[in-house]
Every structure is written in structure tokens, then in C-alpha cells.
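Build out the structure end to end from the sequences listed, making use of the hints.
If you read the sequences in order, they're chains B and A. At position 36 of the first sequence (counting the first as 1) the number is 36 in the numbering used here, and the numbers step up by one without a gap. Position in the second sequence (first residue = 1) + 157 = the numbering used here.
Hint data in this document are derived by calculation from the structure and do not stem from the laboratory. Where hints are given, some of them may not hold.
Not the full set, but computed from the structure, chain B residues with beta-carbon under 7 Å of chain A [as the list claims (entries may be wrong)]: (1) T56; (2) V99; (3) P137.
Chain A stretches covered by chain B per the calculated footprint, using a threshold of three residues with CB under 8 Å from any CB of chain B [to be verified]: (4) 196-204; (5) 253-260; (6) 299-311.
Think of the CB as a built atom: it goes at the ideal place given N, C-alpha and C, for glycine as much as any other residue.
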Amino acid sequence: MNSLDRVDRRMLDIMQNEFPLSPHPYQDLAVRLNISEAEVLERLRRMKKDGVIRRTGAILDSRQMGYYSTLCACKVEAERIDEAAGVINAHRGVTHNYVRDHQYNIWFTLTAPSYEEAMAIIYNIEQSAGVKVFSMPTLKRYKIKVSLNMGDSDEDQ
Amino acid sequence: MKISERDREIIKFVQGDIPLESRPFFPLAQSLDLSEEEIITRIRHWQEHGIIRRFAAILGHYQAGFTANALVVWKINTEDADRIGMKMASYDQVSHCYLRDVPEEFAYNFFTMIHAGSDKQLEKLVEDMAWQTGIKDYIIIRSIRELRKVSMEYEL
Chain B
1 MNSLDRVDRR MLDIMQNEFP LSPHPYQDLA VRLNISEAEV LERLRRMKKD GVIRRTGAIL
61 DSRQMGYYST LCACKVEAER IDEAAGVINA HRGVTHNYVR DHQYNIWFTL TAPSYEEAMA
121 IIYNIEQSAG VKVFSMPTLK RYKIKVSLNM GDSDEDQ
Chain A
158 MKISERDREI IKFVQGDIPL ESRPFFPLAQ SLDLSEEEII TRIRHWQEHG IIRRFAAILG
218 HYQAGFTANA LVVWKINTED ADRIGMKMAS YDQVSHCYLR DVPEEFAYNF FTMIHAGSDK
278 QLEKLVEDMA WQTGIKDYII IRSIRELRKV SMEYEL
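Right, dumping it as C-alpha cells:
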């Protein structure tokens with residue numbers, strides 16, 4: 001586990017929730033945190049290297065982009081998981097894929113330019129991996145916001 | 158969606174990982190013959206229209222200390238979905254909250270993705286969610302191994 005100090009955690013909270021969109025975002029961040037811009041960049045590089053930060057950028061909305069997405073699950077024999085994962089991950093619309101502790105043991109998300117293309121990919125996976133894929137599309141979305149509370153917001157000061 | 162070549166380049170850029178440099182938008186601005194402010198104005202425009210949901214840092218859950226991540230699925234009556242959805246969505250530790258169309262043999266139709274610092278915290282949280290919503294039929298489906306986690310690259 002990486003040890004993140006208080007400044008790191010505050011920085012992560014700000015970067016997740018109110019990233020300063022400006023020509024000098026890290027300078028703005030430095031002012032808020034009362035440290036130098038060089039220190040901000042140094043801390044961010046370290047957290048990037050350690051995998052704490054995966055990337056910084058825009059998160060696009062698949063629906064607004066006109067894409068179809070669904071969550072899929074399948075039951076795969078334990079010894080065939082890697083083989084099936086290879087088949088599934090060969091499709092670029094598969095963005096998240098996890099082995100889980102349930103009889104449906106592989107769960108992945110699929111995003112495609114249309115419903116038809118998504119179904120074609122699922123059919124292809126079923127044929128190539130020899131598994132039945134259960135698609136569980138969204139009927140209603142109540143929340144989508146991945147923001148991990150690092151516990152050091154400005155209000156704590 | 159009708160879109161200019163410049164917009165296409167900007168969207169492509171922001172879907173990636175912006176450089177850890179003092180002026181991360183400068184190289185793109187130069188290559189497109191725009192000012193950094195003009196690029197930021199475009200980004201804000203897409204944010205206002207919901208095309209960009211957020212502009213933010215995306216963390217590695219595990220590396221950031223959230224070692225207990227689980228999909229928790231609940232069996233609910235669809236007519237209660239809105240009431241339950243509001244409650245479940247109000248938890249900070251819940252990142253995704255959806256009513257889904259599921260196969261009959263699965264039957265758990267309400268999905269929550271939860272991130273906690275430990276198994277104990279996770280279980281406590283789920284118990285609290287069950288208590289708050291009155292939904293007692295649920296399964297905690299933990300992730301055992303990550304096979305892939307990337308951001309979607311949309312093409313315009």
C-alpha cells in the first residue's frame with residue numbers, strides 16, 4: 001500500500017471533484033494547497049508512477065456519444081478463465097473485466113457504437129469462447145460518479 | 158453528431174491522459190492554432206451539454222487504499238426503484254447505481270458498485286444500505302482479479 005500524506009489526499013480529492021480547468025491547472029492547484037507548482041507536479045508524478053492516479057482527463061458519456069453499453073456476465077470453468085478473458089478482451093469495447101466470486105464468475109462491460117454491434121460482439125464472444133453471455137442492460141441509471149473520498153476536503157481545514 | 162476536425166482532435170486529446178506539465182493544453186493549442194482558453198471553452202461547452210460527464214483524475218481504487226471493492230446486487234420490485242435508487246445513490250462509497258434488465262435465472266435487478274477500505278467496512282456499509290432501504294435479499298459479489306480496466310475511446 002502506498003502511503004499518502006494529507007497533502008496528497010487533499011490533492012486527490014480536488015483532482016477528482018473540482019479539477020481546475022485553466023491554462024495552468026497545476027499552478028491553481030498549488031495555490032489552493034499552499035505549496036509550489038513544482039511540488040504539485042512532483043507529487044502527481046509519484047502518484048502516477050504508483051498507480052494511485054490512472055489518468056487525468058475527460059470522462060465522456062456513452063449515451064450522449066450515441067453509444068450502447070451493457071454489463072455482461074458469464075459462467076466459465078475455473079481452468080478456462082484466462083482463455084475466455086483473452087477472447088473477451090480482444091474487443092476494444094470491453095473496458096472493465098473482472099473475475100468475481102459468484103457462479104457467474106466473469107463480469108465485463110461492453111460499449112459499442114450501436115445495439116446491433118454490441119449484440120454482434122456478444123455473439124462472437126459466445127462462439128469463440130464457447131460460453132453463454134448474459135447481457136444485463138441498464139433500465140434506469142441513478143448514479144455514476146467514481147469519486148473516492150480521500151477524506152481531506154477543504155472543509156476539514 | 159456534426160463535429161469539426163478541430164473538435165475531433167480536442168475530444169481525442171481529453172479522452173487520454175493530459176500531460177503532467179505546467180501548461181498541459183499548450184501543445185494541442187499550438188498544433189490546432191487555437192489559444193488554450195479556446196480549448197478550455199470547448200471542454201466546458203461539452204461539459205454543459207453532458208457529453209463530458211466530468212473532467213477529473215481517475216484513481217486506481219486499490220492503490221488509493223480502497224481495497225474492498227464489490228458489486229452488490231439487490232432483488233427489488235421495479236416500482237420501488239426510484240425510492241431505492243435515491244437512497245443508494247446518496248452513499249459516497251457507491252459509485253454506480255443502476256436498475257438493470259436481468260435474466261430470470263439471476264433475478265437480482267438492482268446493481269450498486271461499492272468501494273471501501275476494508276471488508277469489514279464494506280459489510281457494515283451494505284448492512285446499513287439494507288436497513289435504510291428495507292431490501293434484505295442481496296448478494297455481495299467481490300472482485301477477485303482484474304482482467305481489464307481501461308477508459309473507452311470513443312470515435313466521433
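Hints versus structure:
1. T56: holds (5 Å)
2. V99: Nearest chain A Cβ about 4 Å off; hint holds.
3. P137: Holds: closest Cβ of chain A sits about 5 Å from P137(B), inside 7 Å.
4. 196-204: Held - the stretch 196-204 of chain A has 4 residues with a Cβ nearer than 8 Å to chain B, which meets the minimum of three.
5. 253-260: Since three or more residues must qualify, the claim that chain B covers the stretch 253-260 of chain A holds, with 8 doing so at under 8 Å.
6. 299-311: With 13 residues closer than 8 Å to chain B, the stretch 299-311 of chain A meets the three-residue bar; holds.
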